[in-house]
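Visitor: Take a look at the letters that make up each chain.
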Amino acid sequence: MSKITKSSTAEYFAKNLQQVGFSSPLKAVLTTLKEAVDNSLDACEEHGILPDLDIEVTKVGNGSTKNTDLVRIVVEDNGPGIDPDNIAKVFGEYLASSKFGRGQCSRGQQGIGISAATTWAQMTNARGVQVISKTKNMRKAISAQVDVDIKTNTGVVKNKEMIDWKNKNTGVRVEFLMDGRIQLNGDGGLQTYIEGTALLNPHVTMKFKLGDLDWQKSDRVSNDSPDIPEATLPHPHTFKLGEFITHATLYGKISVSKFLKTGFSRVSDQSISDFVKAGMPKSLVEKPITSLSEEDFKKVFQAVQATQLMAPSTKSVLTVGEDSLSKSINRLGKVDFFSVVTRKPTICDFKPVVVEVALARFIDRGNEDTPVQLLRFANRVPLQFDKSGCAITWAIESVNWKSYGLSQPKESLPQGPYVFAVSIVSPFIKFKNASKETIDASEELVEEIRRALMQAGQKLSRHIKHEMKEADLERKLAHIEQFGPILVEKLVHLAGANDARRKKAEEGLKKILGRDSEVAVSQLEEAQSKLAEQKKKEAKKMGISLDEDVDRSDGGTASDEDDAEATKTKKSTKKQKK
Amino acid sequence: MAGLAKIRELRLDIPKEAKNLAERMLKDLENSKRPYLEAVKTSLDNSEYNAKVGYLTPGDKVVRTELNVSSVQKLARVVFMLEILLRNLDIGSVNTKRELYYICKGLIKGNSRYKPLDFDSQDESDSIIDFIGDMLEVYREELNCFANDRGGQTYSQQLLVTETMPDGTKANVDLSTLGTSPFQPKNKPQSLKLKAKKKIDFCLVVESEGTAGTLQAMGFTKRNNCILMGAQGVPSNGVRGWCKLIENQLDVPMYFFGDLDAYTMQNIFRTLKAGSAASLIRNGDFSAPNVRFLGVLPSDVKKYDLPHYNVKESDPQEARALKKAKDALENDPFFRDKRNKNLSDILRWLIKEKIRCEQQSYFSVDPRDPIKTEKIILEKIKRGDYV
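Quick note, the sequences are listed as chains S and V, same order. For the record, in the first sequence the residue sitting at position 94 is 142 according to the working numbering, with numbers rising by one throughout. For the record, in the second sequence the residue sitting at position 199 is 1278 according to the working numbering, with numbers rising by one throughout.
Any given hint could turn out to be false.
[Stated by the list, open to error] In silico BS3-like pairs for lysine-lysine, Cα to Cα no more than 30 Å straight-line:
(1) S:Lys325 - S:Lys335
(2) V:Lys1188 - S:Lys551
(3) V:Lys1405 - V:Lys1120
(4) S:Lys382 - S:Lys363
(5) V:Lys1153 - S:Lys559
(6) V:Lys1120 - S:Lys551
(7) V:Lys1112 - V:Lys1131
(8) S:Lys551 - V:Lys1112
(9) V:Lys1188 - S:Lys458
(10) V:Lys1420 - V:Lys1381
(11) V:Lys1188 - S:Lys552
(12) S:Lys558 - V:Lys1153
(13) V:Lys1112 - S:Lys559
(14) V:Lys1106 - S:Lys551
(15) V:Lys1153 - V:Lys1098
(16) S:Lys214 - S:Lys63
(17) V:Lys1265 - S:Lys450
(18) V:Lys1095 - S:Lys558
I should point out that these hints are in silico values taken from the structure, not numbers from a laboratory.
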């Protein structure tokens, strides 16, 4: 009989790095950058700090494996810093996270990503990650190398030393050297990632050097750090029996009724008696959960599932908001016009979800014959691979964009110099895989995204139609000049009239059509002044003065944001996964 | 050469009427008033069914086109086309609509000032010609604009046709001398005079030109004192005018034999019997109100066990015909009139049963008998089995 061995979590992931975004040299670089940036942004937000990030992704030599380069990835932030005691855990241990399952809209969730990046660096370049960290309680910064001990799933700190770190108060700097390849543009490109991050994070300033390009800077357009909504308890209807039992173990020796009320949202005393009505044995209600048999758990679980409960609260979702999105769009290029929609938070598959959509036509990117550039986001993180299987792509393709004035080949993305940005925010996003590349397409979610898109499409079409109206008026004015004289000439000929009558008729025609053209001109002027007014309003929204070249902009008028429920910042006291 | 094809006694002097119209419009312009044109509204909502005369007549709705920025193009095109048509009348020249389309193109090419008038497609020039007809309330044939009418191939051993030629001479045609060739009235039935050598018992109009040919080849007109005609689908102006002429001059019972489906009932048979909404001003001379629907009748399907098909609502064309049928029952004055209840009952039956049965299905009744279809037709006429 072969020997059964047990492997550590780290061992598992080390062998299956493709599952977490390291399936190719190209993806390895992007995923590492993504994980580092996500952690920085999450940490800054939790502490109400406006993030300043310095990012560097450069080729420094040849990689150890075939067809790869040795790539250096550096991300430095001004966040709260990581306590020296936690550095090993954060970078060298899998599933060590402050965010797992807590029901909050943070970018990171499980605590896999950055440890996987360390593993990749270690496997391809024999060195883990180089970390510098300083918290506000430290006089000097700590600098160390962290490796993953694959056998035991623990982080190993090497070459630790205390250093003077410029004049920096707090922050973290991570540096990876790993095999990879740099791609700048296209769906999986680094530039695309930076643009997406800039768009959905209006409060971030980024300095970045990508590949051979020079240093670039994208300044924040908002000085408000987003309010992170309070974590929410899970809704019992989203659980399976196994999860339900595991969840119970977190609560120690408390009664079943207390566990149900404190471990889940939307369970009240009334619900407990409803559960009993639905078949939960009364004897179990006050029994400690630690003494429950599997059979008992099953009974409780079934009764809970059979009872109607209030839908989960939508307070836990976070939105970027139409105002901020409007400002952010301008960071991508020269906007011709745009429309943004923030839907009210809603429930899809028993999970609170909010969908935001920004559609923008650009003057300086894309063209009429190529598909629109699609930027997908989940919890404000750009999704850059496998777009064909994603709920967002499905929703876009299901909308008839022709009715909004865009061209669209059958069952495909529409075409034109547009950027379509669709963001899904939810404390419980269902991804198709652990590398968080595609959102699972449930019917309810696709429908919700579709509605947001159609709303945005309508706003967009208002603008497109506005343009058409202008052209229409101009055409009418031209008509008068072209057809009027022919009409008079032919009537004179048919009636056998003389030249004097011709002249009189021409004057009469001028009077009649002059009145019409005056009306047309004044309509045109009215339309133009309305547009100018809108421009002004939008410019204000974008936070720039009209003197700057804003060009035409539209959209974001009736904001649904006002309806979004108020959210509060919760300063987490737990150790952060950084 | 003007009276080339006189359709009716027209009291209207077209050139004079056109001149008056131009005079009125010019006067309006001189007074800085908006000139306008008015034409009969040719649509179903302005159609009335007059059971006494038996065809669709226009109501009192008119389409009024007043000069403004949107209509100036149409008005200019109307007077431009009117000038061409008047010139044709003056010199006795005739044209088809397509030829007129190219004549316009030629004139526009010759004068750059006319360029804005240019027609992108024949549809555009056709609608202007139709508007002029509706405006003056004259037939387009009276404007010397003729269609290349199809259908109306006619066979008979008894019928004599006398055609008055444009120069006043007469041509006599004895249909029995034409061998297997049919006589075709083309687009000038009204210039013909009809006479029967011997009493004619009936006239049979067959929807399918092919089936009419088969009946003829098998000796239908030899065995029966009749007129046999192929309609070739939706009856053209020529066929409609020809049927009207037969009805007026020979007073013989006329029967229509075609498919049993909503399209045939509404588009083919109704047009033949009562005219159409698009040709409201001309239905008087282009419909044969006494024609009866011989079949295929719903009762025939059962009686002769005729093969038939289910109407596929997934087929857009058939779905449209069904929808139109429902619409016709509600809005078409012809089908709403109680005198045509038997016909609207067929429509109702078609909507309910959702089947269609073709005229050729009679050939399935006794496949070994080549004249079985003829026998059935005669039997039905004899028995009065028609609607």
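Visitor: Check each numbered hint against the structure and report the violated ones by number, ascending.
Guide: Result: hints 4, 6, 7, 9, 16, 17 break, sorted rising.
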